[in-house]
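For the sequence shown, the positions run 1 to 319 when UniProt numbering is used.
Calculated from the structure, these hints are not laboratory results.
Check the hints yourself; a few may be wrong.
Claimed, not checked - Listed next, the in silico DSS-like pairs over lysine-lysine satisfying Cα-Cα at most 27 Å (straight line): (1) K50 - K145; (2) K76 - K131; (3) K76 - K60; (4) K50 - K131.
Stated by the list, open to error - Ranges between beta-carbon positions, derived for each pair: (5) Y319 - K136: 32 to 40 Å; (6) E168 - K52: 20 to 28 Å; (7) K290 - Y232: 25 to 33 Å; (8) T79 - Y319: 45 to 53 Å; (9) R56 - G20: 36 to 44 Å; (10) N139 - G233: 34 to 42 Å; (11) L200 - A277: 19 to 27 Å.
A virtual CB, placed ideally from N, CA and C, is assigned to each residue, including glycine.
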Amino acid sequence: LLSLHIPMDESLPLQIKWRGNLYSFTCNKDDTLLSLKLKLEEETHVLVDKQKITMRFNPKPESPNDAPLSTVVMPKNKTFMMVGTPEEDLFVAPSEEEQLKLLPVELQRAEGPLADQYRPVNLAKVESRKKSFKLKILNEPRPGKKLLVLDIDYTLFDHRSAAERPAELMRPYLHEFLTAVYEHYDIIIWSATSMKWIELKMTQLGVMSHPDYKIVCFFDYSAMITLKSDHYGVVNVKPLPVVWHFFPENYDEHTTIMFDDIRRNFLMNPQNGLRIAPFKNAAQLRDTDKELLGLRDYLLKIAPLDSFSLLDHKKWKKY
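Generate coordinates for the entire structure from the input sequences, incorporating the hints supplied.
The following block contains the structure:
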């Protein structure tokens, strides 16, 4: 083996061999092992925590999942072995009777294909996540508040561009936005990354220590589920019922809105999702991006509503 540290301006091609098949990836210099594992989960259906990859790093990281791939010790053939069992081989599907119980009453006698959020196998995976996710509450929910769930990458932060300080990659008006909506909304951060990375970025951006708003908690990749969608194929998504499970007295499908730059993350709760324009190329857009100002105004306008269930968030700019 030889150590190959990737120059900052180059991509990183590599292959993963699993069950006799080769999976090729071209990763970015700052991708982590976790981001690679998330891609592998979509390709192989082996859950992130079940993947064992013969990969070493130099220097040895404290948390392998957070290690940048630019520090990988690269074999000459750029190929790594992976072992792991696909989720469908581990997952015990509920009986037909149990599946029916997971469905809303009005759909238990429905004919024809069900939407992703009503497919019993997906609902069963959500139930599994409710049991397995370890929640750490940072600040207690406030009675009577709506819920705003926010993504990080390309939503609040440009995680691909280079900068001397993290604040230079922060979406403009982030603190003003969070301060304004905090009057009416509790705030939860949900990123398809590791908890360590979320805590680090929120600390670097000054979100954790801001005096004018508080964050209830963080959700990471381990609260997500993998599903097979007719439209998107096999993807990882963010099921809000996992959040509602932990806060049944505070939030539900009528009082929750979620921002994400990836629409498929809403597959288990499409009515609650608002796709935000991705914040990329921070150096060029830093002075012109006003997305959060518009969304602040939208959230304040809809805050008095008893329910968001009749809103079309795709038309938020015209509200």
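Q: Can you let me know if the beta-carbon spacing of R56 and G20 is within 36 to 44 Å?
A: violated, 23 Å
Q) Straight-line Cα separation of K50 and K145 no greater than 27 Å? A) At roughly 37 Å apart (the allowed maximum being 27 Å), K145 and K50 break the hint.
Q) When you take the CB atoms of N139 and G233, is the distance between them in 34 to 42 Å? A) holds, 38 Å
Q) Does the alpha-carbon distance linking K76 and K60 stay inside the 27 Å limit? A) holds, 20 Å
Q. Do the Cβ positions of L200 and A277 conform to the proposed distance bound of 19 to 27 Å?
A. For L200 and A277 the Cβ distance comes to about 25 Å; the hint holds.
Q. Holds or violated: 25 to 33 Å for the Cβ distance of K290 and Y232?
A. Given a distance of about 30 Å, which is inside 25 to 33 Å, the answer is holds.
Q. Are the Cα positions of K76 and K131 separated by 27 Å at most?
A. Outside the cut-off at roughly 42 Å; violated.
Q: Kindly confirm whether 20 to 28 Å is satisfied by the beta carbon distance between E168 and K52.
A: violated, 37 Å
Q. Y319 and K136, beta-carbon distance inside 32 to 40 Å?
A. For K136 against Y319, whose Cβ atoms are near 35 Å apart, the range 32 to 40 Å holds.
Q. Within 45 to 53 Å or not, the Cβ separation of T79 and Y319?
A. For T79 and Y319 the Cβ distance comes to about 51 Å; the hint holds.
(Q) Check whether the Cα positions of K50 and K131 lie no farther apart than 27 Å. (A) Within the cut-off at roughly 17 Å; holds.
Hint check: violations occur at hints 1, 2, 6, 9; the rest are consistent with the structure.
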